[in-house]
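Novice: Taken in order, these protein sequences are the chains called A and B.
If you're matching positions, the first sequence starts at 17 in my numbering and goes up one per residue.
If you're matching positions, the second sequence starts at 31 in my numbering and goes up one per residue.
What the hints contain is simulated information worked out from the structure, not anything from laboratory work.
There may be inaccurate statements among the hints.
[What the hints assert, rightly or not] Below are the DSBU-like pairs computed for lysine-lysine, each with C-alpha atoms no more than 35 Å apart in a straight line:
hint: 1; chain 1: A; residue 1: Lys120; chain 2: B; residue 2: Lys188
hint: 2; chain 1: B; residue 1: Lys106; chain 2: A; residue 2: Lys141
hint: 3; chain 1: A; residue 1: Lys90; chain 2: A; residue 2: Lys58
hint: 4; chain 1: B; residue 1: Lys359; chain 2: A; residue 2: Lys120
hint: 5; chain 1: B; residue 1: Lys37; chain 2: A; residue 2: Lys136
hint: 6; chain 1: B; residue 1: Lys79; chain 2: A; residue 2: Lys136
hint: 7; chain 1: A; residue 1: Lys156; chain 2: B; residue 2: Lys153
[Unchecked claim] Pulled from the structure, derived: some chain B residues nowhere near chain A, Cβ distances all over 10 Å:
hint: 8; residue: Glu57
hint: 9; residue: Lys67
hint: 10; residue: Pro143
hint: 11; residue: Lys153
hint: 12; residue: Asp164
hint: 13; residue: Glu249
hint: 14; residue: Asn310
hint: 15; residue: Tyr313
Each residue gets a CB set at the ideal place from its N, CA and C atoms; glycine is no exception.
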Amino acid sequence: MSTREILRSLTESSGISGDEFEAAEVIRKFFSQYSDEAYIDKFNNVYGIKKGAKSNGKIMFASHLDQIGLMVNKIDKNGFIYFVPIGGHDPRVLLGQNVEIQGKEKIKGIIGSVPPHLQKPKDRKKVTPLDDLYIDTGLKADFIKENVSIGDSIIFDTSCVKLKDDCYASQAMDNRAGVLVLIEVLKVLSNLKHNWDVYMVGTCQEEVGVRGAAMSAYEIKPNVGVVIDVTFGFSPGSNKYEVVKLGNGGTIAMGPNFHPGLTDKIKKLAENWEIKYQETFIPRPGGTDAYSFQISGEGVPVIQMGIPLRYMHTTVETLNLKDIKRMAKILALFVSEVDKYYKEVEH
Amino acid sequence: MIDLLEKYSNAFGVSGYEDEIREVIKESLKDNVDSIKTDFMGNLYGYKKCGEKNAKKVMVIAHMDEIGFMIDGVTKNGFLHFRRVGGIDPRILVSKRVLIGKDKIPGVLGAKPIHLQNRSEWKKPIPMQKLYIDIGAKNQKKAKSYISKGDYATFNTKFEMQEDVLFGKAFDDRAGCGIITEILRGLEDDQHYPVDIIAVFTVQEEVGLRGASVLAEREKPDYVIAFEGTTAGDVPDPEKRDQSPSTQMRKGPSITVMDRTTIGFRKLKEHFERTAEKNNIPYQYKRSVTGGTDIGVIHTKGGIPSIVISTPVRYIHAPRGIMALEDYKNTANLAINGLKNFKEVL
Chain A
17 MSTREILRSL TESSGISGDE FEAAEVIRKF FSQYSDEAYI DKFNNVYGIK KGAKSNGKIM
77 FASHLDQIGL MVNKIDKNGF IYFVPIGGHD PRVLLGQNVE IQGKEKIKGI IGSVPPHLQK
137 PKDRKKVTPL DDLYIDTGLK ADFIKENVSI GDSIIFDTSC VKLKDDCYAS QAMDNRAGVL
197 VLIEVLKVLS NLKHNWDVYM VGTCQEEVGV RGAAMSAYEI KPNVGVVIDV TFGFSPGSNK
257 YEVVKLGNGG TIAMGPNFHP GLTDKIKKLA ENWEIKYQET FIPRPGGTDA YSFQISGEGV
317 PVIQMGIPLR YMHTTVETLN LKDIKRMAKI LALFVSEVDK YYKEVEH
Chain B
31 MIDLLEKYSN AFGVSGYEDE IREVIKESLK DNVDSIKTDF MGNLYGYKKC GEKNAKKVMV
91 IAHMDEIGFM IDGVTKNGFL HFRRVGGIDP RILVSKRVLI GKDKIPGVLG AKPIHLQNRS
151 EWKKPIPMQK LYIDIGAKNQ KKAKSYISKG DYATFNTKFE MQEDVLFGKA FDDRAGCGII
211 TEILRGLEDD QHYPVDIIAV FTVQEEVGLR GASVLAEREK PDYVIAFEGT TAGDVPDPEK
271 RDQSPSTQMR KGPSITVMDR TTIGFRKLKE HFERTAEKNN IPYQYKRSVT GGTDIGVIHT
331 KGGIPSIVIS TPVRYIHAPR GIMALEDYKN TANLAINGLK NFKEVL
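For reference, chain A alone in the conformation it holds in the complex:
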């Protein structure tokens, strides 16, 4: 399957934190295609294991597979559905969105808005708070009561759209795009010798507190960890020190959360192969799986690469596919040399 098709399939499957079943199964299938063994654990962490030539060490990749979403918390007598957020949402993004409720049946709806004809001028200066937003399915109240229950997951009902110049927009790019990087690394590794065993892990429950990575790192006990997540991409009005440009390569993260020796190695490697990359500076651990990964078990030296992404936590998260391909190349080369690097930086 082409990279583009895999991206579409990954971002169009549903997997809110805690309800990752559908996305996990899609990912397991892709992993099993390109690795020796693939399975899902009881928390919906997905593993793809590719044996190395010597199997004398382990490198584990973590890329979270869960996405932000909503949960039904009230159904009123007319069948309108109210919800609470799972993960971080901007209420301004929610207005007028297409959603799909994962009830007994999958039910489509719209987050309601007031048409301009019925608004008072002062309404326009207000943001409807999350508690007042509701989902309208148009269906009869009886049908809703039968098929929807409090606690049901709600995802955005949107497809992946191809924009110009290798860009794509979709919900759940954060972080299915990261999972895509893992799959692309496996593809490259099928033609590249590596001594260590490679563990690709799609981790669960990142958006609610980086939990899946903690579980899986504890289980695998790798010698080296690699985290792949999205990072803030440039868009008009953003502070240039907080963002990186799309299309200029993936980012290598620097800061206390990341092993300085290995970070240095991967940067040098990218430079030697003349593959574009950018840098991000994270002065305080947090925000990605690296937070729990680094201090799991006896501690793991971790490095992190990021995919530049515009409009994070909206339904139109936008990225450039070239960045993903470049990252996969750098990371696969890193895997093939990791046993050597590990010796060089070992204390």
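With chain A's structure known, arrange chain B on it following the hints.
Specialist: Below, chain B alone, put in the same frame as chain A:
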């Protein structure tokens, strides 16, 4: 019936650029009318004569334009600035998808990630001047090779049906366009309406009833009936204020007693009430007096008896509206029956 509405809803036709929807309607009409023409404004006319001499002329109208956007600039990083065409609340534009121009180039309207905002920022709507369309273009030069300033854009929304509920863009007023097409198709081979029907699909309603302004002079109709997709307000209101739910879903077609531009002609109002009752068609009245229609600029030219009949639609002027299948069917039914027995009015 639904296939037709689906085609109409999906077609591109922002006010001032109704080319695609006009062609789609023309194609669906051609076997059901005696002749078709367009005028310099872009209005589309279909004529169906009853064959009687000196027959009265009933003009049925619906506007085929929809709200949308117009591109008016490209930043040096290749993002597009735009203006609104018609009434759109900027708050509903955040995190939405659009299609631009003749080639339907996909674009998205993004927003700053929540992680990079101050808490105070979420409490204020994002103003128009901070919204832009992202087509993924690498830079200004690339962007200009894909689109041109002046291109129109519309929401990237596909028609869908779930149980007995229809979802789609531009039901205001592709619902009306659909009803008029059903009127023209609504007769058996040997049947006639007792009047000459002039069906007009107007342009530029959303920017000030422009297309309809030339109709009275051109066609000199005896009666005018406008078919609209109008606001259904039977939805929760956080402030619990009385919002006079304009119209309600599943309560049948709505007859307009009065809106901002017209008072429904009493004899026509009564005719459609009678028709509904005789045929067991549910109906309601539009309870708000806001909004205007094409009738406003027609009925005062010589004094032409006119009325508006609407299908209730939730979330008009937004990316996706909701309409009950039964309301749409009942509107078509009321329209066809009301015209079949139009002799009662004459």
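Novice: Determine for every hint whether it applies to the structure shown.
Specialist: Hints, one by one, checked against the model:
Distance hint between Lys120 of chain A and Lys188 of chain B is fulfilled; the C-alpha atoms sit about 24 Å from each other, no more than 35 Å. Between Lys106 of chain B and Lys141 of chain A the CA atoms are separated by roughly 30 Å; this keeps the pair inside 35 Å, and the hint holds. In summary, the hint linking Lys90 of chain A to Lys58 of chain A is supported, as the alpha carbons are separated by about 29 Å, within the 35 Å threshold. The hinted pair formed by Lys359 of chain B and Lys120 of chain A meets the criterion: a straight-line CA distance of about 29 Å does not exceed 35 Å.
Note on Lys37 of chain B and Lys136 of chain A: the hinted pairing holds, with a Cα-Cα distance of about 34 Å set against a maximum of 35 Å. Restraint check for Lys79 of chain B and Lys136 of chain A: not satisfied, since their Cα atoms lie roughly 45 Å apart, outside the 35 Å limit. About 33 Å separates the Cα atoms of Lys156 of chain A and Lys153 of chain B, which keeps this hinted pair within 35 Å; it holds. At roughly 28 Å, the least C-beta separation between Glu57 of chain B and chain A is larger than 10 Å, which holds for a residue marked as non-interface.
Separation of Lys67 of chain B from chain A is adequate, the least Cβ-Cβ distance of about 32 Å exceeding the 10 Å criterion. The beta carbon of Pro143 of chain B sits about 4 Å from the closest Cβ of chain A, which is not more than 10 Å, so the claim that it is off the interface is violated. A beta-carbon of chain A comes within 10 Å of the beta-carbon of Lys153 of chain B; the shortest separation is about 6 Å. With a cut of 10 Å on Cβ distances, Asp164 of chain B falls inside the contact zone with chain A, its closest approach being about 6 Å.
No Cβ of chain A comes within 10 Å of the Cβ of Glu249 of chain B; the nearest lies about 28 Å off, and the non-interface call holds. The claim that Asn310 of chain B lies off the interface holds: its Cβ sits roughly 20 Å from the closest Cβ of chain A, which is beyond the 10 Å cut-off. Every CB of chain A lies more than 10 Å from the CB of Tyr313 of chain B, the least distance being 20 Å, so the non-interface label holds.
Taken one by one, the earlier hints fail for this structure at numbers 6, 10, 11, 12, listed in ascending order.
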